[in-house]
Amino acid sequence: MTLHQEVASGPDSIGATPPVVELQSVTKTFGTVRAVRGVTLRIDPGQVYGLLGPNGAGKTTLMRILVGLVRSDAGTVQVLGRPPGDPRTLRSIGALIESPAFVPHLSGRVNLQVLARARGLPDAEVVRVLRAVDLDGAADRRVTGYSLGMRQRLGVAGALLGDPSLLILDEPTNGLDPEGTASMRSLIRDLAGSATVLLSSHLLGEIQHVCDRVVVLDKGAVVAEDSVSALLSRSGSRSVIVRARPMDLAEKVLKSNDAWSKAVRAGDAGDPHVRLELDGDGVPGLVRALVEAGVEIHEVRRERRSLEDVFFALTGDHSAGSGT
Amino acid sequence: MRNALASEALLLRRRLAPFVVGCTWIVLVVGFGFGVPYIVYATLDPAKTADRAALLEMLLPSAAHTTAVGSYPMFGGAIMLILGVLVTGAEYRWGTWPARLSQGPGRAQVVIAKVLVGAAAVVVIAAAALAASMVTSVVIASVEGRPLTWPAVSAVAASLGVAVFISVAWLSLGAALGVIFRGVGTALAVGLVWTLGLENALSGLAGVVPALEPVRVILLGPTSGSLVAALGVPSLSEGGAVGVAAYVSGPVACAVLLAYTAAGIAVATVLIRRRDIT
Ligand SMILES: Nc1ncnc2c1ncn2[C@@H]1O[C@H](COP(=O)(O)OP(=O)(O)OP(=O)(O)O)[C@@H](O)[C@H]1O
Ligand SMILES: [Mg+2]
Chain C
1 MTLHQEVASG PDSIGATPPV VELQSVTKTF GTVRAVRGVT LRIDPGQVYG
51 LLGPNGAGKT TLMRILVGLV RSDAGTVQVL GRPPGDPRTL RSIGALIESP
101 AFVPHLSGRV NLQVLARARG LPDAEVVRVL RAVDLDGAAD RRVTGYSLGM
151 RQRLGVAGAL LGDPSLLILD EPTNGLDPEG TASMRSLIRD LAGSATVLLS
201 SHLLGEIQHV CDRVVVLDKG AVVAEDSVSA LLSRSGSRSV IVRARPMDLA
251 EKVLKSNDAW SKAVRAGDAG DPHVRLELDG DGVPGLVRAL VEAGVEIHEV
301 RRERRSLEDV FFALTGDHSA GSGT
Chain G
1001 MRNALASEAL LLRRRLAPFV VGCTWIVLVV GFGFGVPYIV YATLDPAKTA
1051 DRAALLEMLL PSAAHTTAVG SYPMFGGAIM LILGVLVTGA EYRWGTWPAR
1101 LSQGPGRAQV VIAKVLVGAA AVVVIAAAAL AASMVTSVVI ASVEGRPLTW
1151 PAVSAVAASL GVAVFISVAW LSLGAALGVI FRGVGTALAV GLVWTLGLEN
1201 ALSGLAGVVP ALEPVRVILL GPTSGSLVAA LGVPSLSEGG AVGVAAYVSG
1251 PVACAVLLAY TAAGIAVATV LIRRRDIT
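Protein chains in written order, with our numbering: chain C, 1 to 324; chain G, 1001 to 1278.
Restraint ranges, calculated between C-beta atoms of paired labels, are given here: (1) C:A74 / G:R1275: 16 to 22 Å; (2) G:T1186 / C:Q24: 38 to 44 Å; (3) G:L1271 / C:D309: 44 to 50 Å; (4) G:M1001 / C:S306: 49 to 55 Å; (5) C:T181 / G:R1182: 33 to 39 Å; (6) C:Q24 / G:V1270: 27 to 33 Å; (7) G:G1207 / C:S147: 55 to 61 Å; (8) C:E277 / G:D1276: 42 to 48 Å; (9) G:R1182 / C:A266: 48 to 54 Å.
Over the 12 Å line for every Cβ pair with chain G, so calculated as not near, a few chain C residues: (10) A224; (11) V287; (12) I297.
Please keep in mind that the hints were generated in silico from the structure rather than gathered at the bench. No experiment lies behind these values; they were computed from the predicted model shown. Glycine included, C-beta positions come from ideal geometry on N, C-alpha and C.
So that you can see chain G by itself, here it is in the shape it has in the complex (with noise of 0.2 Å):
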């Protein structure tokens, strides 16, 4: 397993794909989560001093970081889920998996690193998109004449933790998909049209239609959603972000984004093991 690690890590460290998605993903949260944002508090007619300063609140220091993983639920899931995509796919676009099939490691170990350090590069990637949105709302705070006043660190730690729980969950996904496709276009587009749209559209359904609410339980967003309105990140009817919604309790959003990510492992590995490699 050693070796498996040691190489996927050097292969993932010299690829575009985790730097490409990594800084898109730091533009996307700083620009949505807080330029955005703060373009609308800025524009926001004066007389409404209720509704600028809790949207002013949004993008301080001491909030920096809820804001942050507002996002995940459904952008941040999505970007990580091309990440995942492009870890295991790519190897069917390069025609390279009988080359890292042949090497020693067994076809389960291969697939088990490629996740784990596709895991490792959304830490870094959750960790840089949680520093780019302190520094932009310390600039936002200093901007405003606001005070610095900080997070606990406990309360960052627990964002940063759910951020990269959500986003191994989908990046699991992402990489089952990478193998069920065997390729990168055709699993990107379902798994951005199954996750963007068709669960969004289900879920909006369960809105109106109560008989479908269960079904929420097994959405990939809306579980994500759910772990982040836990940790008490304003949902959006709140004022919060697109996503964040508190549709079934912490533990059990832990549960089901457990099992995306041990389900997506699972038949990565499967499929990987069984097929013959041509």
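Extracted from the complex, chain C is given alone in its bound form (with noise of 0.2 Å):
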């Protein structure tokens, strides 16, 4: 927060409020693989960012570069108006990268009071992080004691550590049973306003649901940038599925005019249907047409498009299906 009040009061902010991040062209090869090509992105304060990307994408990699533990090969990075990894930057920067890493035979207070000193912080900074990931009552157990879903909001607790102004956070609901996963939905929401939250996962309904605006990633490069409506709308408005009998029928009157012959068959034995791509006034005359071949119609909808069939859409990834 006063950070970006900071920021925003610097000699170089005119008007708008500078970008919480800011990429240019950015590149990060590791040996052969090309893990981030030439992203340029800009995220603003107080925003709920998602990013999204099959595995391999570039995600983890684009999150370390932000918080300098990865540093790029070119481009320009700045994070909080700051190179990354500076360590005023890092000191406002919570970040729970890939799996939470803690030393296991501490307990998770201990575990998370050595960070706090790190950051100047007090211990009662501890007791407040640990209480909002709801994690008190196991605080002085072990860490190798604890289940996948209590580590993950530990790792939590570690990123909210001294209220940062920008939260990254790497599938920090991975793990998690549906109370915790509704729970870090509310504190993510809570959160935002006060801070920019970059948040990554694979479960593309908990984005939808979670996220502002929602960056893509494919083989590195950044394949979408856009607010979750302004996605959903995008690509989703033109898919039309028919359902009817017979089906071999009515496919045979679609594929026969050129309009339609995009048409594909969907759906499995149980419940077979077309989907096909058709503006809103092609319509009527597809009906009409199905009708006078002896179509019976038991079903003409504009299919509603989820997060999951834009993001396939995108990276044309449609074999691996959301991993974990």
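Assemble the dimeric complex from its two separately framed chains, guided by the hints.
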């Protein structure tokens, strides 16, 4: 919070709020693997950003670059108005990157105290964050004995230390039970406004509910950056689903017309249907043609796309599905 | 830097490593510095009066501090090297470097804080080992019915100082190895084989091949032994401990040990600063 104000009153801000993160053509190569290629991105304060992408898309690498753990090969990176990894910047960032790691034979509380000391924070702050993730009951047990979800909560607690103005969470709901996922969601929503949140997840429904904006990475490059609503309306509006009997006849009718020839058979034997791209004023003509051919129409409906469909459309990844 | 030190101090205090290493060392010093020699003394042919007297002399309070410091050039150093490896290498094993290096303190600060806190632990361990040696020698003196003659405080302080000086050099080397090999296992193996094996072999060879003698100047073990010898502690050939021998002068030994300390810290720092932390 304070940092935003500080940055906002800085010399290089004229009018508009300066971005929290600004990336210009950022590239990172590990050996022969180009993990991040030419990413240009601007993250504005107070919003929740979702970072999406298939496995290996470069999400974690991008987050590491923002925290200064990994240095980019090319391009410029500014985080909270400074280069990444700057000590003053780091104190304003809370990060949980990949799986949380702790000293196994120490308690959750001591692990957080070690981090808090490094930030110059009192132990009271540790008590606060432990309560925020609902872990105060297990705080004095050794981390070795924690369940996956408890570790994840401890990791999030660590990221919350010192009320950071930028929160970077890499798959924070990984391993959380439904209740934990829900409380994580409300936690993140509560933080939005006072903090900027960059959140990666493979749970697209999660992202759809929690995030204001979404960045989609594929093979290290940004393939989309938009508000959730814009993304959803962008590519979902033209898909129409037709359920009819007999299906083969319906398909034949559709294929005979150039406008509908891209129709594809979808669904399984129990629920066969056809999906095609069609503008709104094309629907009556389609229905008429089918009826005239003697096809019985059960349903014609415009498909409401989920973020998942948009995601697959953008990343061209139909096989993998959502992993973890 | 204050934050980094506070954080690392809390971490090391809560860790098992310094306690295990410290206790092991105390047991080794008492056992091999005093226990074994005392058994030898007790079982030695009573006819060899001179040998027995010399041996007992080393185990009494007046010489306890020199006997204690005499065990550093080889075994104490190796123990401190293990502590150094654990200080940096364990963070790789736990995967905690990313968290450690993203809290605010710069990477160099974190590494230096780790070594400094490790050095503080070394001071405590060396002091505890000295105290245990003193107590053991008092027990031996009373069993043997010898009067308690105390060494000069300055002599005790000097031997503690030398013990710490040697230990910190080995600790720093260990810390560097932990970073170089990104973990504990390989770093320990390389460190111990190098210092206990390779260095001793080289130093032994130098005893036979005079052309190799200058090599001893840059070896950690022989220079540690030389510094202890400079304190007036008897060398192995004079009935003292293994590894104690005046290969080089005291000041040269000091300089070499300092160089090891500086190089260890520098290598660890440079590597941690340059690498991607993943
Ligand atoms: N330290 C590293 N050394 C070598 N290659 C790496 C390293 N870190 C990441 N990579 C490679 O960079 C690419 C991007 O990895 P990254 O972890 O950023 O993907 P991700 O989007 O987080 O994937 P996931 O969804 O599986 O977490 C991958 O091909 C990965 O193999
Ligand atoms: Mg990842």
